[in-house]
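Asker: Given the structure of chain A, go ahead and fit chain E onto it with the hints provided.
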Amino acid sequence: MRRRDFFAALGGGIVVLLVDDSDAQESGGGGRRGTREALPQNLSAWLHIGETGMVTVYTGKVEVGQNARTSLTQAVAEELRAPVEQIRLVMGDTSLTPFDMGTFGSQTTPQMGPVIRRAAATARETLVDLASQKWMVERATVSIADGKVLSGSHRAGFGELTSGQKLTQTIPSSVALTPAAEWKVAGTSVAKVGGRDMVTGAHKYASDIKRPGMLHGKVLYPPQFGATLASLDRTAAEAMPGVKVVREDNFVGVTAPDAATAEKALAALRAEWKPVTAEASSKDVFAYYKKNSRDGAAENPHLTAYTVAYIAHVPLEPRAAVAEWHDDKLTVWTGTQRPFGVRSELSQNLKISEDRVHVIMPDTGSGYGGKHNGEAAYEAARLAYASGMPVQRNWTREEEMTWAYFRPGGLIEVHGTLNPDGTLATWEFHNYNSGPSALQTPYDVPHKSEHLHQSKSPLRQGSYRGLAGTANHFARESYMDELAHSIKMDPLEFRLQNARNERLRAVMEAAAQKFGWKNRQQTAGRGCGLAAGFEKGGYVAACAEVSVANGAVKVLRVVEAFECGAVVNPEHLRNQVDGAVAMGLGGALFEQIDFADNRILSDRLSRYRVPRFADMPAIESVLIDRKDLPSAGAGETPIMGIAPAIGNAIFEATGQRIRTMPMKLVG
Amino acid sequence: MARVRELHVNGAQRHINADPERTLLSVLRDDLDLTGTKYGCGEGQCAACTVLIDGQATKSCLTKVGTVAAKRIVTIEGLAPEGKLHPVQEAFLEADAMQCGYCTPGMILGAVALLERTPHPSDAEIVSGMNGHICRCGTYPRVVSAVRAAAKQGGRA
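Chains as they are written, first to last, in my numbering: chain A, 4 to 670; chain E, 24 to 180.
Hints are not guaranteed to be accurate.
Cut-off 30 Å, straight-line C-alpha distance, at most; resulting in silico cross-link-like pairs (BS3-like, lysine-lysine) [to be verified]: (1) Lys286(A) - Lys667(A); (2) Lys267(A) - Lys94(E); (3) Lys107(E) - Lys213(A); (4) Lys87(E) - Lys267(A); (5) Lys459(A) - Lys277(A); (6) Lys451(A) - Lys294(A); (7) Lys207(A) - Lys94(E); (8) Lys87(E) - Lys213(A); (9) Lys87(E) - Lys207(A); (10) Lys247(A) - Lys354(A); (11) Lys213(A) - Lys94(E); (12) Lys267(A) - Lys207(A); (13) Lys667(A) - Lys557(A); (14) Lys87(E) - Lys247(A); (15) Lys207(A) - Lys107(E).
Pulled a few chain E residues facing chain A out of the computed Cβ check, cut under 10 Å [what the hints assert, rightly or not]: (16) Ala41; (17) Glu44; (18) Thr46; (19) Asp53; (20) Thr60; (21) Gly65; (22) Ala71; (23) Glu100; (24) Gln122; (25) Met153; (26) Asn154; (27) His156; (28) Arg159; (29) Pro164.
Just so you have them, the derived chain E footprint on chain A, three or more residues with Cβ under 8 Å [to be verified]: (30) 201-210; (31) 603-611.
If you're looking for bench data, these hints aren't it; they were derived computationally from the structure. Values in this document were obtained by computation on a predicted structure and should not be read as measured data. Backbone N, C-alpha and C fix where the C-beta goes; we use that ideal spot for every residue, glycine too.
Chain A extracted, bound-state conformation (with noise of 0.2 Å):
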């Protein structure tokens, strides 16, 4: 944007514009009156003081349900001594916010929240300087509490000061903060922001988004993945009132008035495909993984081998867009991960410059990782252009859990070889397709090798929370409770042993603390298990207890501990761990996507089984708040130690040792 007219769509007040510290020239820390002709290239955040005492933050991070919108405004009111109520955030609007790669990788709270809280540490500073000019008072007789700027008897609100003022802060990212131990608002419980328009139903996903003489459009999917078009009779279809058909070589779309008559004249587009034949299956797919390994496979005879299946996502709202031209620009509303992303893809698919598309991600209804992209936008735009109106792009579920993408199934194998006193001596680890996140192990190994075999997948494949961490932790740590069994060492004791990291060594004691882990009681069809671990800069254990009746498994309790530096919102920080063992827990048992023939068998919720209410094991959480760390994020690493930590409750109640994700008992 052009920096007149992003001041002319502001209005007055103070601008605060946040560079990194490698743009020296914009690197200056003093005011500034915007008279330059761009804005700076690498913004990462911008904050706005309206007249109205307004305070609005722009930042090209999401809100997924992960809570973003509400721990970066626990940021700003930190830092600017404002209410909550005082402060709104435009988040994933590519025309008004600043560049973001995307929200995902637990980066937001880790990055953006620094970045906003030094927007908002400036702009605090300038008011202070704006009231000490204004009254002519000592600056240090200046201060600011709940929203109001106060120096003996003087007292303005915001928009008082800024009122008449054009005024641009631009500003290094490393002005000084407010340390985690004087925290007043940031480290409390705020409640979630927007929550009153999700229990009332008023706020707007994609999928609610209307707009004038908007139509429906729906896509005709081939059969199989890759099967290509040979032939189409769109005349039914066309004969229906107000339907168009759109075909661009394989790519078909309708459009109509409405949903139902779209979804009818779908129905009635006659397509012959040419078949493909499949390379894997999900009964053979691991074997695959091995025999298509770009580096070749790993020999020694000892590997053990765990398994884990491809999973979907299932965010609750599928994808959806609407999208509309005016002109030879286009406006999209989609929920996404990569508001930034989508635009880059609409404008190489589509061929037109980034400056002439438009995304705006309203938060949406879930991601997990499997919003990364703009499958439905750019679908919504190609039958918006054919059709000359706005059309909306609601996927069903079954598009949503066969043409999305997946988490990526692996095989993972491993050996490691212990000193007589039960210390590791050599550990070696091969994971093959699923990712290289938690791929070291955490624990203290002379001897190790780790290894990513990349390799070929049948299926599309992509981000999910957590990324592979969970498929390695649930080897890793499936495999420290074999090698711990194997020399008859308690599990925690062995882990103790092999753990010199004391942030480690901490969760694994905390959670086992609190489960009661040394006292617990043998007790038949009955077992408990712990997990460990680190990723993206948190250390979790967690701790299960289980019970298996007629080859049934039930998760009665889970004890998960969690360490991600100076804790930010802790009831929300517990939710996420909730959320964390309850997705875990689905793809530990009985999560994973069936396919044969190039087809999804388990394409819809009656045939592919989510976590639900009777699911749900007790959950205990204990947070360990490091007020001397940097805040990491949290909306991933709880989820890796359930699977293991099952796994292992199940060996104990049985005896069984199961390497496959879903377990699935045998007998």
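Answerer: Same frame as chain A, but now just chain E:
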């Protein structure tokens, strides 16, 4: 079959012109712009589309609009018509019983119907009464707390 011309929604008679075979979900969302009722699966597995029909929690994705023309329908938009939240809505906010919030309208209406049926449910009754609802974010323990708290408050509007 005759087209459906009227629907009694949230205390008002609304004019529509719908094929009776269409789902109530689609009519609510597309014709009446009551988008608080959500699509989640289209096969009655997730209950995101729950509305109250004559007080009963009902999955609107499986309900043909022709079958409810004479009935009283309440959607999430009708639960706090004057802006004053229903005790169940208050309890969900208080317990932080949501993350992305997409399942929340259906969850809340399911809980309202449960508390009408069973004003003082045990935790086991809450779990079995709500088990048809999916929260993919996994806020189940908090939903149970919210329903329990709403029951203590009397649970009804």
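Asker: Take the C-alpha atoms of lysine 267(A) and lysine 94(E), compute the straight-line distance between them, and say whether it is at most 30 Å.
Answerer: Roughly 28 Å separates the two Cα atoms, so the pair holds.
Asker: Go through the hint on alanine 71(E) and say holds or violated, using the shortest Cβ distance to chain A against 10 Å.
Answerer: Constraint on alanine 71(E) satisfied, holds at 6 Å.
Asker: Holds or violated: the hint that threonine 60(E) contacts chain A, with Cβ atoms closer than 10 Å.
Answerer: 7 Å, holds
Asker: For the hint on glycine 65(E), does the least C-beta distance to chain A fall short of 10 Å?
Answerer: 6 Å, holds
Asker: Minimum Cβ distance from methionine 153(E) to chain A below 10 Å?
Answerer: This hint holds: methionine 153(E) lies near chain A, its Cβ roughly 5 Å from the closest one there, short of 10 Å.
Asker: Less than 10 Å between beta-carbons is the criterion; does threonine 46(E) satisfy it with respect to chain A?
Answerer: This hint holds: threonine 46(E) lies near chain A, its Cβ roughly 8 Å from the closest one there, short of 10 Å.
Asker: Could you check if glutamate 100(E) really has its C-beta closer than 10 Å to a C-beta on chain A?
Answerer: 5 Å, holds
Asker: Measuring from the C-beta of arginine 159(E) to each C-beta in chain A, is the shortest one below 10 Å?
Answerer: 5 Å, holds
Asker: Would you check the hint for lysine 459(A) and lysine 277(A), treating anything up to 30 Å between C-alpha atoms as holding?
Answerer: Satisfied, since the Cα-Cα distance of roughly 23 Å is no more than 30 Å.
Asker: Is the straight-line distance between the alpha-carbon of lysine 451(A) and that of lysine 294(A) 30 Å or less?
Answerer: 24 Å, holds
Asker: Holds or violated: lysine 87(E) and lysine 213(A), Cα atoms, limit 30 Å.
Answerer: 23 Å, holds
Asker: Taking only the CA atoms, is the gap from lysine 207(A) to lysine 107(E) under or equal to 30 Å?
Answerer: Since the Cα atoms of lysine 207(A) and lysine 107(E) sit roughly 20 Å apart, the hinted pair holds (cutoff 30 Å).
In the structure shown, no violation is registered for any of the earlier numbered hints.
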